[in-house]
Structures are given as C-alpha cells and as structure tokens.
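Colleague: Heads up, the sequence shown is in numbering that gives the first Met the number 0, so the first residue is 0 and it goes up one at a time.
Hints may be right or wrong, so weigh each one.
[To be verified] Below are the PhoX-like pairs computed for lysine-lysine, each with C-alpha atoms no more than 25 Å apart in a straight line:
#	residue 1	residue 2
1	K241	K261
2	K374	K336
3	K59	K313
4	K75	K170
5	K313	K367
6	K135	K313
[Stated by the list, open to error] Label-pair ranges, simulated between beta-carbon atoms:
#	residue 1	residue 2	range
7	Q247	G200	16 to 26 Å
8	A14	S39	31 to 41 Å
9	S356	F311	13 to 23 Å
10	L229	H123	32 to 42 Å
11	Y113	N138	23 to 33 Å
12	F328	Y116	55 to 65 Å
13	D363	Q247	53 to 63 Å
14	S230	N298	29 to 39 Å
15	S39	I319	42 to 52 Å
16	N222	T81	30 to 40 Å
Hints were generated in silico from the structure; no laboratory data involved.
Think of the CB as a built atom: it goes at the ideal place given N, C-alpha and C, for glycine as much as any other residue.
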Amino acid sequence: MLRTEINALEEHIDAILNSDRIDDALAYPELLAGVKAMCSSLKALWIRELLSNLRELVLKRYVQYHQAVIIRLSDKAGLALTRSAASDLDGHAYQNLYTGIAAELEDIITFLRYRAYLYFDIDHPATSYYIGLVRKRVNEIAQDIRNCADTPIDQMLIGSAVLSVDELLSKPSSGTLSYRRADQCQRVIEMTSQLVMPELGTDTNALFRALFRQNLNSLHFYNWYRTSILSSLAAAGGQKEKGSILRQQIDMLSAVYVDPDKALYPELAPIDKMALSWLSEQANAPAQPAPTAWQLPLNLSVPQFAMFIRIFYKAGCFPIENVAMITCFFTAHFRTKKRSHISQKSFNHAFYDNDQSAAAIVRDLLQKMLNYLNKTYFP
Numbered sequence: 000m001l002r003t004e005i006n007a008l009e010e011h012i013d014a015i016l017n018s019d020r021i022d023d024a025l026a027y028p029e030l031l032a033g034v035k036a037m038c039s040s041l042k043a044l045w046i047r048e049l050l051s052n053l054r055e056l057v058l059k060r061y062v063q064y065h066q067a068v069i070i071r072l073s074d075k076a077g078l079a080l081t082r083s084a085a086s087d088l089d090g091h092a093y094q095n096l097y098t099g100i101a102a103e104l105e106d107i108i109t110f111l112r113y114r115a116y117l118y119f120d121i122d123h124p125a126t127s128y129y130i131g132l133v134r135k136r137v138n139e140i141a142q143d144i145r146n147c148a149d150t151p152i153d154q155m156l157i158g159s160a161v162l163s164v165d166e167l168l169s170k171p172s173s174g175t176l177s178y179r180r181a182d183q184c185q186r187v188i189e190m191t192s193q194l195v196m197p198e199l200g201t202d203t204n205a206l207f208r209a210l211f212r213q214n215l216n217s218l219h220f221y222n223w224y225r226t227s228i229l230s231s232l233a234a235a236g237g238q239k240e241k242g243s244i245l246r247q248q249i250d251m252l253s254a255v256y257v258d259p260d261k262a263l264y265p266e267l268a269p270i271d272k273m274a275l276s277w278l279s280e281q282a283n284a285p286a287q288p289a290p291t292a293w294q295l296p297l298n299l300s301v302p303q304f305a306m307f308i309r310i311f312y313k314a315g316c317f318p319i320e321n322v323a324m325i326t327c328f329f330t331a332h333f334r335t336k337k338r339s340h341i342s343q344k345s346f347n348h349a350f351y352d353n354d355q356s357a358a359a360i361v362r363d364l365l366q367k368m369l370n371y372l373n374k375t376y377f378p
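All chains should be built: construct the whole structure from the sequences, respecting the hints.
Modeller: So this is what it looks like as structure tokens:
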C-alpha cells in the first residue's frame, strides 16, 4: 500500500518535470494542487499504517504472543529434559537434544528481546532454561566472591547479598521469575563481586549503600542492617549518642533514591521503607503511616480480577509498561468478594496464570458488557 502511494507520487511528479512545456498556464495551480493532495494522502497513510497507536498495539500483541508461545515451548523442552534426567532411560542423546532445543529457542527469545525491546514483556516469567543460565552464572560469581578473603568488608553483609540471590534462584518457584527479576539477581551479584575486590578499597558502608540503592529488599539484607545498627547502639555512650546515630542513618538513607522496579521481592516493601520505618521506631518517632487508600469492593475473585487487568494491559489501556506498578496500584485500591486484602504475590501469580474457569467467567462478563454497548450505543 505504501509503495503504491509513493510510486503514484513519483510518476505524477516525473510527468510534470519531464514535460517539455505546459501550454495552459491555468493548469499550474491544478497540477500543484494534485501534488499537494497526493502528499497529504501519503502523510495520512503514514499516520494510519506506521505511526498510529493501533499499529503499536498490533506490534506489541504480535511480539508478546510469539514471546509467550516460545517460552511455553522452551519450558516444555525443559520439562522433558528434567524427566529424562530423572528417569535416566533416554540416555544422553535425548538429553542433548532437549537441551539443544531449549538453547535454540532461547536464542530466538534473545533476538526478540533486543531487536523488539519496545514490545518485549520483561515482566513475563522467564524460561527455565534462562533461569538456569543465570543461576549458573551467579554461582560462578559467588564462588569468586568467597575467594576474596582479604576484603575488609563485613562477611555477613556479603553473605546476605549472595544468600538473597541464591535463595531466589534456587527455590521451586524460581520458574516464575520474570526476566526483570532474573537480570536484577545477576546485577546484584556482579556489583557485589566488583566491589569486594581488595584493590578497590571498598568498605562495609560503601557496599551497604550500593546494595541499598539497588533495592535489595530481602530479609537477609534487612536483618543484617538491623543487627549492625543495634550493635552500634549497644556500643553508644548514652541516649544522646544513640539518637545521633539514628538521626545520621535516617538522614543518610532518606537522601538515597531507591527504584521500586529493582525490588528482588515485589511482595515486600522497598528496602528504604523497611529501614526508615524501623529507624523511626528506634528513635521513638514513629514514621507517618501512608494514608490507607479506600478499597473498592469487587464481585470478583482474585484470578478473575487479575485476568481483567491483564486484558486491559494487553489491550494497551495503560500508558505504562511496568506490570509491577500496575499490580501494586490495583492490589492497594481494590478488594475482592472474599479477600479484604489482595497480596501482590497472589495477584502476580493469577495475572500470568491460565485459569480456564476464571477465563470463562470473565468472558461471560465481557459478553454482557458488549451486549450493553451494542444495545445502548449501536441500536
């Protein structure tokens, strides 16, 4: 279609330019008007075919549909590999075949991720093969970290970072880790590995601040920080010195921006909220609680509600791509008919789940909406 339009414009202008002479001077405005009309038509076609929101939505659906199918195929190959390794009946040939299939599919996903990054859903659960690659890389880096015995950094702090990442990648639910969280695991461990190098001269406080900025909101890291501060308070000379320590910590952490998107554990509060709330309690100045939002009750279950939000998300109704921010908002402002509080963990699980019973109810509700729309606005 675009080629037809540009060819027509080219032919029209060539005809004018290649004409030896145009006898009728009155035809000049008409010829110019024709060029103008064709240019306007081409711009309108560009807007419709290339630059429209509809095309963006089509591309997004196309990429994410293929992404989801390839991930599902990869996980099937991964499951076959696991069963083959467990039974030990198929032999290495089949295991190599299954591994090769998963590797080829991961190569396609990587191509899609970086060549169509605007439409790739990094909050979709990653393939088990990709999680395995990240886990292998993290284990190698963790071993390098353990070999750095000469570092002056508190080993308990280093251990809290390594354990936080290792625990997340090793637990059975690691198969539901998104690409965003898996990559964040690797970033945290790589940054820790770089900072513990003795030649850099990094101290414990410097590593703590670096991990804090990365929003390492694991309980291991949080508990290490509390233990460290409690030790400092126990060694303080009196209440005045204790108050000074707490105020310094509050001032220091309040000045650090923590990106909520980097949270390793989305179901937990960001590390700055956790730490500052605890420091305020220790200083006998309770933090101002965030105003509790009034929650709108819904006649839906969590799976049904999550499916509605996923449909809205896939249809391009939200101006943001971050699924974590979307789920955080809806779990804070809505409640279902059976739950007064929706946990982000259960909502995230339902968001990506393929529950056909929930889908059937959602489809019936959408059909009712469509019937109402047709009856009211398109009689």
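Colleague: Among the hints numbered above, which are violated by the structure, and what are their numbers in rising order?
Modeller: Going through the list in order, the structure violates hints 1, 2, 6, 8, 12, 14, 15 and respects the others.
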